[in-house]
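As they're listed, the protein sequences go chains A and B.
Just so you know, we're using this note's numbering here: the first sequence kicks off at 1 and counts up by one.
Just so you know, we're using this note's numbering here: the second sequence kicks off at 1 and counts up by one.
Treat each hint with caution, since some may be false.
It does not matter which identical chain is used: a pair holds within one copy or between any two.
Listed below are the simulated SDA-like cross-link pairs for lysine to any residue, each with C-alpha atoms no more than 25 Å apart in a straight line [what the hints assert, rightly or not]:
#, residue 1, residue 2
1, K281, A57
2, K253, R56
3, K116, P306
4, K116, A273
5, K281, E305
6, K253, S186
7, K253, D73
8, K281, N264
9, K253, D266
10, K253, N264
11, K281, A261
12, K281, A269
13, K116, G300
14, K116, E54
15, K281, L215
16, K116, G177
17, K116, S221
18, K253, M185
19, K253, T211
20, K253, E15
21, K116, E50
22, K116, P160
23, K253, T303
24, K116, G85
25, K281, A89
26, K281, R53
Treat the hints as calculated values from the structure; they're not laboratory data.
Number of protein chains: 2
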Amino acid sequence: MAEAKAHPEEALPFERLAIIGIGLIGSSIALAARRFALARRVVLFDISDEVRREARALGLGDEIASSFAESVDGADAVIICVPVGACGAVVAEIAPHLQQNAIVTDVGSVKGAVIKAVREHLPAHARFVPAHPVAGTENSGPAAGFPSLFVNRWCILTPPNGGDEDATARVRAFWEGMGANVELMSADHHDLVLAVTSHLPHLIAYNIVGTADDLQSVTQSEVIKFSAGGFRDFTRIAASDPTMWRDVFLHNKEAVLEVLARFNEDLSALARAIRWGEGDKLFELFSRTRTIRRGIVNQGQETAEPDFGRRKV
Amino acid sequence: MAEAKAHPEEALPFERLAIIGIGLIGSSIALAARRFALARRVVLFDISDEVRREARALGLGDEIASSFAESVDGADAVIICVPVGACGAVVAEIAPHLQQNAIVTDVGSVKGAVIKAVREHLPAHARFVPAHPVAGTENSGPAAGFPSLFVNRWCILTPPNGGDEDATARVRAFWEGMGANVELMSADHHDLVLAVTSHLPHLIAYNIVGTADDLQSVTQSEVIKFSAGGFRDFTRIAASDPTMWRDVFLHNKEAVLEVLARFNEDLSALARAIRWGEGDKLFELFSRTRTIRRGIVNQGQETAEPDFGRRKV
């Protein structure tokens with residue numbers, strides 16, 4: 001094609017991208033933005049000196065800024081990758097330095113509370129697109145990132161009615177460029193869906209690992225030895241970042257407690273079926289739950305290999 | 001070495017081994033017994049015609065018997081690999097055909113109830129060694145087996161005080177020959193330990209998948225799409241064999257309900273901490289649970305790769 005002027009879809013989603021917070025997600029975005037050529041220049045910042053040093057040593061992005069101001073200076077897009085409880089404070093720091101029309105977006109696992117916190121501090125000349133990539137591993141920190149983290153995962157955008165369509169389209173193009181599928185929904189619905197598919201599972205996993213650790217009648221050494229009976233599957237997500245998850249539960253309280261109440265009702269019924277020896281009820285549930293896994297495997301959200309492909313010998 | 005007479009440790013653990021029940025465990029034992037040369041002859045039997053046909057087509061063992069009587073005829077060892085609720089009935093079937101001094105053993109996930117059921121039917125001239133390999137995958141049936149399933153997994157034996165030492169030693173040698181580590185404990189303690197490391201995790205996983213499936217406000221399609229947030233980890237063990245697990249819960253009722261009560265207490269405290277915004281309590285628990293996973297990885301009971309090594313791109 002001879003035309004010099006690029007089609008909109010051939011333009012880079014962002015010119016100068018600032019990533020604030022260099023953990024698993026921030027570092028993965030930096031690596032993916034480079035691999036998939038999604039921004040002309042990538043600048044990263046983290047409030048921790050040590051994390052900035054580590055990011056520099058890892059060669060993340062084009063530049064590690066040394067202040068909030070420096071990181072967003074001249075940036076047309078800023079992605080906030082910090083625990084959800086810190087998003088408001090970060091926006092307060094960067095607000096005075098945001099350029100006209102800058103797109104501010106985030107990756108928080110909670111949307112309602114983050115939107116509220118960001119709005120309190122965001123200047124009118126910037127545009128906020130709330131986003132949440134449903135992807136991650138149990139590892140944290142700048143060295144945990146990898147560029148394919150978002151491939152074939154979903155990224156949920158929750159722009160408010162009447163939000164900036166151009167900003168939403170560019171954030172969508174950025175996530176699609178990293179290999180993600182993008183879906184739009186309301187912030188409230190997001191917070192309920194994620195309470196089910198992410199927050200409750202983490203709560204339950206943390207809880208069962210804590211219970212096992214506290215028991216006097218069964219030693220920690222026994223729990224570890226015999227964990228292949230099922231327990232070890234729970235320990236992966238119970239090894240996730242404590243600060244991130246503390247903030248999730250504190251900021252999505254209502255939805256989590258609502259879903260937890262449903263879980264508890266069902267668990268009481270199950271306990272009752274066990275106590276009264278109602279084998280048919282148990283069998284019915286245990287058969288039904290197989291279907292959901294099949295759906296997850298069929299849609300490429302899970303490996304089809306037995307035992308997560310752990311088998312090695 | 002010129003001596004014709006083999007040392008005890010060079011002898012095969014079993015001459016003629018009968019495996020009753022050809023599921024994941026039965027087929028894996030047949031494959032492992034061949035690969036590691038642990039029995040002169042391996043005979044398998046299953047009450048299902050279809051399973052026997054499948055096992056024959058897969059070439060499992062040296063022979064697929066066509067009746068209980070035929071399978072144990074001349075066998076010095078019999079391994080019962082059926083759901084724990086069926087163990088008593090199987091022993092009643094084979095009892096009249098067991099040879100003098102035959103070793104009968106099992107693989108049940110519950111020991112107290114199985115020991116009781118087996119004792120009701122076992123003839124005095126046979127020797128019972130209760131056993132439980134803590135290994136498995138979410139797949140079932142004769143095609144699901146593989147010979148390395150037990151490598152570096154634990155097999156727990158729960159012989160009663162004053163049990164037959166020779167029989168216990170031969171069963172131990174058999175499991176060690178398949179690559180397992182063997183530990184001895186009382187049946188009661190086994191049932192409590194496994195309630196923690198296996199039965200409660202399965203119950204919780206089945207329950208959370210059931211709750212997610214039942215919700216009206218979040219569709220099944222949403223649960224599947226956004227399962228990478230944590231939920232999918234639970235679906236693996238919630239895809240396990242429904243008959244096996246129904247029987248486990250019906251036969252280890254007391255220990256499961258006891259451990260579940262502890263889990264519920266802890267979960268109530270956690271819900272309260274969320275409701276009242278007690279971030280420090282959440283952070284303390286979420287930090288502590290990382291240690292257990294580290295122990296499991298360090299002891300080779302889990303892969304160290306993030307996300308179970310699912311990352312593929």
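We went through each hint and held it up to the structure:
1. Taking CA atoms no more than 25 Å apart as the test, K281 paired with A57 passes in neither setting, with 57 Å inside one copy and 35 Å between copies.
2. Neither within a single protomer nor between protomers do K253 and R56 lie at most 25 Å apart by alpha-carbon distance, with minima of 37 Å and 56 Å respectively.
3. For the identical chains of this complex, K116 and P306 are neighbours neither inside a copy (43 Å) nor across copies (33 Å), given an alpha-carbon limit of 25 Å.
4. Proximity of K116 and A273 under a CA criterion of 25 Å is satisfied inter-copy only: 23 Å between copies versus 44 Å inside one chain copy.
5. Taking CA atoms no more than 25 Å apart as the test, K281 paired with E305 passes in neither setting, with 29 Å inside one copy and 37 Å between copies.
6. In this assembly of identical chains, the alpha carbons of K253 and S186 lie at most 25 Å apart only when taken from the same copy (17 Å versus 43 Å across copies).
7. Taking the closest pair of Cα atoms, K253 and D73 never come within 25 Å of each other, the shortest separation being 35 Å inside a single copy and 63 Å across copies.
8. Proximity of K281 to N264 under the C-alpha cut-off of 25 Å is found in both arrangements, the shortest distances being 17 Å within a copy and 21 Å between copies.
9. Proximity of K253 and D266 under a CA criterion of 25 Å is satisfied in both settings, with 20 Å inside one chain copy and 17 Å between copies.
10. For the homomeric pair K253 and N264, the shortest alpha-carbon distances inside one copy (16 Å) and between copies (19 Å) are both at most 25 Å.
11. In the homo-oligomer, the alpha carbons of K281 and A261 lie at most 25 Å apart both inside one protomer (21 Å) and across protomers (20 Å), since each shortest distance falls under that limit.
12. In this homomeric assembly, K281 and A269 come within 25 Å of each other (Cα to Cα) only inside a single copy, at 10 Å, whereas the closest approach across copies is 29 Å.
13. In this homomeric assembly, K116 and G300 never come within 25 Å of each other (Cα to Cα): the closest approach is 34 Å inside a single copy and 45 Å across copies.
14. With identical chains, the CA atoms of K116 and E54 are never at most 25 Å apart, being 32 Å at best within one copy and 60 Å at best between copies.
15. When the C-alpha separation of K281 and L215 is checked against a cutoff of 25 Å, the pair qualifies only between copies, where the shortest distance is 18 Å, while the shortest distance within a copy is 29 Å.
16. Taking the shortest Cα distances, K116 and G177 never come within 25 Å of each other, neither inside one copy (28 Å) nor across copies (62 Å).
17. In the homo-oligomer, the alpha carbons of K116 and S221 never lie at most 25 Å apart, since the shortest distance is 45 Å inside one protomer and 28 Å across protomers.
18. Taking the closest pair of Cα atoms, K253 and M185 come within 25 Å of each other only inside a single copy of the chain (20 Å); across copies the shortest separation is 43 Å, beyond that limit.
19. In this assembly of identical chains, the alpha carbons of K253 and T211 lie at most 25 Å apart whether taken from the same copy (22 Å) or from different copies (18 Å).
20. Proximity of K253 to E15 under the C-alpha cut-off of 25 Å is found in neither arrangement, the shortest distances being 37 Å within a copy and 62 Å between copies.
21. Taking the closest pair of Cα atoms, K116 and E50 never come within 25 Å of each other, the shortest separation being 30 Å inside a single copy and 61 Å across copies.
22. Taking the shortest alpha-carbon separations for K116 and P160, only the intra-copy value of 12 Å comes in at or below 25 Å, while the best inter-copy value is 63 Å.
23. For the homomeric pair K253 and T303, neither the shortest alpha-carbon distance inside one copy (31 Å) nor that between copies (33 Å) is at most 25 Å.
24. For the identical chains of this complex, K116 and G85 are intra-copy neighbours only, at 11 Å inside a copy versus 55 Å across copies, given an alpha-carbon limit of 25 Å.
25. Taking the shortest alpha-carbon separations for K281 and A89, only the inter-copy value of 23 Å comes in at or below 25 Å, while the best intra-copy value is 50 Å.
26. For the identical chains of this complex, K281 and R53 are neighbours neither inside a copy (56 Å) nor across copies (31 Å), given an alpha-carbon limit of 25 Å.
When the structure is compared with the earlier hints, violations turn up for hints 1, 2, 3, 5, 7, 13, 14, 16, 17, 20, 21, 23 and 26 and for no others.
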